[in-house]
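Trainee: Listed below are the residues making up each chain.
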Amino acid sequence: MLRFLVKRTGLAVVTLFIVSGIVFFMTSILPGDQARQLLGREASAESVKLWRIENGFNRPLVVQYFSWISKVLRGDLGMSLQYDLPVSEILAPAASKSAQLAIVALIIIVPVSILGGVVAAMNRDKLADRLITVGGLSATVIPEFVWSVILILIFGVAFRIFPISAFPSEEDADLLIRVYHLILPSIALLLVLFGYISRITRAGVIEALDSDYMRTAVLKGHTKRAAVFRHVLRNALLPTIAVIATQVPYLVGGLIAIERVFNYPGFGSVLLAAVTAKDFSLLQTAVLLTGVVIVCFQLLSDVLFALLNPRIRQRVAE
Amino acid sequence: MNDSTQSTPKGTVAQERIAVLRKNKAFVVGSSILIFWIICAIFGKLIARYEIDQMDFEATYAAPSGKYWFGTDGLGQDIYSRVIIGSRLIILIAFSATALGTAVGASIGLIAGYLKGTFDMILMRILEAISAIPVIIVALLAIAAVGGSSTIITILIIGFIFAPNVARTIRAAVLAEAEYEYVAAAKLRSEKTSHILFKEILPNVMPTLIVEFTVRLGYAIFAVATLSFLGAGVEAGSPDWGTQVADTWSLIFSNTYWPTLFPAIAIASLAVSINLISDGLLEVFEL
Numbered sequence: 000m001l002r003f004l005v006k007r008t009g010l011a012v013v014t015l016f017i018v019s020g021i022v023f024f025m026t027s028i029l030p031g032d033q034a035r036q037l038l039g040r041e042a043s044a045e046s047v048k049l050w051r052i053e054n055g056f057n058r059p060l061v062v063q064y065f066s067w068i069s070k071v072l073r074g075d076l077g078m079s080l081q082y083d084l085p086v087s088e089i090l091a092p093a094a095s096k097s098a099q100l101a102i103v104a105l106i107i108i109v110p111v112s113i114l115g116g117v118v119a120a121m122n123r124d125k126l127a128d129r130l131i132t133v134g135g136l137s138a139t140v141i142p143e144f145v146w147s148v149i150l151i152l153i154f155g156v157a158f159r160i161f162p163i164s165a166f167p168s169e170e171d172a173d174l175l176i177r178v179y180h181l182i183l184p185s186i187a188l189l190l191v192l193f194g195y196i197s198r199i200t201r202a203g204v205i206e207a208l209d210s211d212y213m214r215t216a217v218l219k220g221h222t223k224r225a226a227v228f229r230h231v232l233r234n235a236l237l238p239t240i241a242v243i244a245t246q247v248p249y250l251v252g253g254l255i256a257i258e259r260v261f262n263y264p265g266f267g268s269v270l271l272a273a274v275t276a277k278d279f280s281l282l283q284t285a286v287l288l289t290g291v292v293i294v295c296f297q298l299l300s301d302v303l304f305a306l307l308n309p310r311i312r313q314r315v316a317e
Numbered sequence: 000m001n002d003s004t005q006s007t008p009k010g011t012v013a014q015e016r017i018a019v020l021r022k023n024k025a026f027v028v029g030s031s032i033l034i035f036w037i038i039c040a041i042f043g044k045l046i047a048r049y050e051i052d053q054m055d056f057e058a059t060y061a062a063p064s065g066k067y068w069f070g071t072d073g074l075g076q077d078i079y080s081r082v083i084i085g086s087r088l089i090i091l092i093a094f095s096a097t098a099l100g101t102a103v104g105a106s107i108g109l110i111a112g113y114l115k116g117t118f119d120m121i122l123m124r125i126l127e128a129i130s131a132i133p134v135i136i137v138a139l140l141a142i143a144a145v146g147g148s149s150t151i152i153t154i155l156i157i158g159f160i161f162a163p164n165v166a167r168t169i170r171a172a173v174l175a176e177a178e179y180e181y182v183a184a185a186k187l188r189s190e191k192t193s194h195i196l197f198k199e200i201l202p203n204v205m206p207t208l209i210v211e212f213t214v215r216l217g218y219a220i221f222a223v224a225t226l227s228f229l230g231a232g233v234e235a236g237s238p239d240w241g242t243q244v245a246d247t248w249s250l251i252f253s254n255t256y257w258p259t260l261f262p263a264i265a266i267a268s269l270a271v272s273i274n275l276i277s278d279g280l281l282e283v284f285e286l
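So the protein lines, in turn, are chains A and B.
Following numbering that gives the first Met the number 0, the numbering of the first sequence begins with 0 at its first residue and continues without gaps.
Following numbering that gives the first Met the number 0, the numbering of the second sequence begins with 0 at its first residue and continues without gaps.
No wet-lab data here; the hints were simulated from the structure.
Backbone N, C-alpha and C define an ideal beta-carbon position, used for all residues, glycine too.
Errors might be hidden in some of the hints.
[Unchecked claim] Now the stretches of chain A that chain B is said to cover, found in silico as 3 or more residues with beta-carbon under 8 Å:
{"id": "1", "region": "131-140"}
{"id": "2", "region": "274-283"}
{"id": "3", "region": "293-300"}
[Claimed, not checked] With a cut-off of at most 25 Å between alpha-carbon atoms, the simulated SDA-like pairs for lysine to any residue come out as follows:
{"id": "4", "chain 1": "B", "residue 1": "LYS115", "chain 2": "A", "residue 2": "PHE16"}
{"id": "5", "chain 1": "B", "residue 1": "LYS115", "chain 2": "A", "residue 2": "GLY9"}
{"id": "6", "chain 1": "B", "residue 1": "LYS24", "chain 2": "A", "residue 2": "MET121"}
{"id": "7", "chain 1": "B", "residue 1": "LYS115", "chain 2": "A", "residue 2": "LEU298"}
{"id": "8", "chain 1": "B", "residue 1": "LYS22", "chain 2": "A", "residue 2": "ASP124"}
[Unchecked claim] Selected chain A positions facing chain B (Cβ under 7 Å, derived; list incomplete):
{"id": "9", "residue": "VAL18"}
{"id": "10", "residue": "VAL148"}
{"id": "11", "residue": "VAL286"}
Here chain A stands alone, though its shape is the one from the complex (with noise of 0.2 Å):
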């Protein structure tokens, strides 16, 4: 196990290095001059230059990316050209408030997404199962700025049941105003997750009902829906966290075009208004930081797989 763990690790690394290159090259290489957003259309070519000079842009594009690579390294991020701020104090509250909405997203998702799996399985192929299946997977490819919208629609504008801003107007709402604000977006996420995770949900319980130990279970006298839940969850119930895992990528994307319509000051909000005002060191920081944390969970979902199954574990040590 310790083999299988520094080795991916090690490849988590490699991969985050390619990363920052990609992130960097594609900022440095592709047309678009920075000191011409920054200084406006009107500059003269001589100012553009001495900006250039000033902010070591007139450096080849491999020191550049080497002297920008050691100082994310040693935590120095830079400077936002947007609001003459590090970029640490601009990421790091709205990156927090995003983790604050992905977690009540999680809460909702995680069992509600699993309970369908459940219900889907022990009713295979009958009318609930095909709803929840179909359903499921028609609703996770309607993109996340469709279902925010027609939810405020519904229970913000129509029924008020929900406030419409994902943010309560008072400074310092309480933990319960702030997290009842965040359910309306956090159901638009469960729409777009549900019919991945209660998909692999329902593939697990299917293969555990059909296994001897549940034939075994049934025979000792359990009523079927109570051996499930005593048996047949525990061994579904990790494979499908390590999906979960996987899904982080969608719910980080998914996290620009909600917080733009629930109006939320979170990390979507400032990588929007970073594109919108082309500003590049906050922008790089912040793609940078959404691949550490994707590979992170990408590498918590590897080692859980292999955790379960020691025949993945054999294989990356060889």
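Place chain B on chain A using the hints.
Mentor: Same frame as chain A, now just chain B:
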């Protein structure tokens, strides 16, 4: 594969698959919706009731009525007509981007799966790195770097972001195919590598490729709609569903829902139709 011996059973397999598809309710519903939107994209002018930029200042934000089926927007433009014509851009961008991504990705996947070794290893690391960033975020980064959005840029960006995913799927399929005798036989006949890849292996991974294409098409619809909602997919002012939602969604708070709701439903119906199609294909190809 040798055609003379294989053509007869191949023909019946195709017929059998079509017969199965016709009985698959999800597939039939999905392809009907898709065909409807493709007809709108091509012959939209005939189906629309007004010119898309025809303004009626007597009737701004008019609710749906007999005159304006889906109501009008703030400029008095007919929303029904704009939704019909709006299918054009999203379908054009999504299909082109997916075709590009599938062509590039399938070529890379074929080569990587067949050659294996160092080339394959390096390639897989790069592909893994690209897929570590959500599609929308890479696209936004690229659009910011290029310094503006247009139809062509969106097609190129989404195409190249999708290529790694296609490559990975095809690579796995090729790795499995390479074990079969027909590949070894072709090698013994000392066929060129390009012949083995594109004439021998490619036809056999075609089912995988077709399903992958439809799955990616669904993601492309998702991505194009989201990008144009975020103001980064198409030129501003184009008749486009995502842009329409972006321009009007804040009105839903004052109960002016029609400028937003109809394009939103259009996006959802197109996305779901493609999902139903790929679901049906998956079942038929037994992948």
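Trainee: Taking the hints in turn, state whether each one holds.
Mentor: A quick look at each hint next to the structure:
1. 131-140: holds (count 5)
2. 274-283: holds (count 5)
3. 293-300: holds (count 3)
4. LYS115/B to PHE16/A: holds (23 Å)
5. LYS115/B to GLY9/A: holds (21 Å)
6. LYS24/B to MET121/A: Holds - the C-alpha atoms of MET121/A and LYS24/B are around 23 Å apart, at most 25 Å.
7. LYS115/B to LEU298/A: holds (24 Å)
8. LYS22/B to ASP124/A: holds (17 Å)
9. VAL18: At 5 Å from the nearest chain B Cβ, VAL18/A passes the 7 Å test, so the hint holds.
10. VAL148: holds (5 Å)
11. VAL286: Holds, because the Cβ-Cβ distance from VAL286/A to chain B comes to roughly 6 Å (cut-off 7 Å).
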